[in-house]
Amino acid sequence: MAFGIKNPGVLLISFLAFVPFTLWLRMAPLGDRFLGYGATLTSIGQVSGLVGTVLFSLNLLLATRIKYLEKLFFGLNRAYISHHFLGGLAFILLLAHPIVLMIKYLPFGVVGAAQFLLPSSNDLAKTLGIFSLLLMMVLLVITFYLKVKYNIWKATHKFLGLAFFLAGLHVYFINSDVSRSFALRYYMLFIMAVGIFAIFYKTIFNAGKKWSYQVKNITELIANSVYEVELEPLALSMPYHAGQFIFVSFLSNKISQESHPFSLTASSKSKTLKFIVKNLGDYTSQIKNISIGTEAKISGPFGKFNYRNFSENQIWVAGGIGVTPFIGMARELSEKKNCKVCFIYSVSSQEEAICQEELSAMAKQEVLGQFHLFCSNKQGRISAKIINEICQGFSNKDILLCGPPPMIKALKTQLKEMGVPANKIHSEEFNLA
Amino acid sequence: MNPKKATTITLFIFWAITTAVLTAGLVVWENKKSQGNSFNGQANVQPNEQASTSRGTSAKANTGSQASNKPSSVVLSLGEVAKHNKRTDCWMIISNKVYNFTAVLSSHPGGAGTMLPYCGKDGTQGFATKDLSQPRSHSGSANNSLTDYFIGNLNQTIQSNNQVAPVLGSRGELEDD
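Chains as they are written, first to last, in this note's numbering: chain A, 36 to 468; chain B, 867 to 1043.
Any given hint could be a false lead.
[Stated by the list, open to error] Which chain A residues face chain B? A few, computed with CB under 7 Å, are given here:
| hint | residue |
| --- | --- |
| 1 | Gly73 |
| 2 | Lys139 |
| 3 | Asn210 |
[Unchecked claim] Listed next, the in silico DSS-like pairs over lysine-lysine satisfying Cα-Cα at most 25 Å (straight line):
| hint | chain 1 | residue 1 | chain 2 | residue 2 |
| --- | --- | --- | --- | --- |
| 4 | B | Lys996 | A | Lys447 |
| 5 | A | Lys102 | A | Lys306 |
| 6 | B | Lys871 | A | Lys189 |
Everything labelled a hint here was simulated from the structure, so no lab data went into it. Computed from a predicted structure; not experimentally measured. We put the CB at the ideal spot given by N, CA and C, even for glycine.
Taking the hints into account, I'd like the entire structure generated from these sequences.
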């Protein structure tokens, strides 16, 4: 998988999820745990529940946007990719938990097995678990399968906090291994407290530093389709470097107040913030209607995509709307002139290209080494081979990729096949949705 | 396999199994209700040869049993019960009723090891507390399924021909139950 085992965040979560398993193992001899079919099913069912709960809890942390996550996951966008994966994994383990436990009752009769799955008035802990899982199922079906409006989806997704709370009660009250071993019990309670903290932090307190800005200007870059929004600070201005992104929330009755992520397109020296919006849906279509002077709440900056960490010779490959962080970086280059960049901008057709004149001009002024607009409707899909030809070789160059995930994945594979070392390939996946 | 696909498959399996079990449970439960208490047979999955038919005629069938076909009667005394104290032949007394738990040992959710010490003896206390420092009783479904293993009351005299075939875990029904 792209996010791999390479980042400390994933390693940490794996370790924390492994701990309850070892604590559980130490509670009884292994032979007893798997002696016979009934005991084996009990064991598998229990472990599935324990690990699933830990993953669920830690996953709540991944959605808090706490700055430290950027260090652990090499960028907030990667934290969100892990969040999607972990969410699915926790869900699968928690679905397996009651089913596996139920199967052990089947030899005693299907009536007993059916009763096990149903809520019961004299087993409160089990009933809480059932409701928690049902709620989780409804909310995750909405998340994975139904196409609802973003703000509706977001409101429903927050109720996973309630599902988690019910699950916590289930773990707390259930009469099982988790109630019989101090070590296991307190570990689980601790991990769940972390999850509860995450819920309060994000959903209830909406914590995290916000910067106050107001709209200075909205420029139409492509008629009715692409706009650049400029914001000026109302108080402190946010320090950032080009290539990073922010979450923006407008306080206006012309647009929903939900917050959305955008890459910053002004250089870091600029006093104003700029970002580019493409008209793609309910929210983005309203951007053009916002009046000058509208207040905006900004959180950020996020992202670890930073050309300044790398060598002097670089290759930048942008796909579609993935060009936005590069625009910021290019504008910053014009104030520095210490990089030789071969910039390839791939679009499906020329009409879609943003800031094309500005970028071509930069190449002429030798701010950028080269600038190429690559139109896939005329020239086919961009590939590592084509990049190699246009930029005259890869040797010793750092390659930065930003665009749709399938493009990034394909290019990464091709580049590695052509001998580019993995530590020279850097990507920013836009997968926050 | 991406997370979405794996989740979809798991969800599907979850609901398939849940629906199957709940439906089967409902059907069998309705059946049981309408047939009254004397009917003990259920569609049980037992790893034994003597597939207990749902008509309770297994009480008569001696097919394949290693029964020492004593047509005589047996008193379910403490001494008699004590003879069946092995993993391959396990009887137990619970609340003055005698049960043949041989078939249950390997599928016992608490493991065979927890039941074995009580084979041939009175396991009432163990059943009531699960031998835990914080005593826990067995579930409703466990209690309900006891009847499937019932041999007779303590010190009752029973016909022995269908009961002395414990290896196959017979669950014969008794006419005079």
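Checked against the structure, which of the hints given earlier come out wrong? Violated hint (a single one): 4; every other hint is consistent with the structure.
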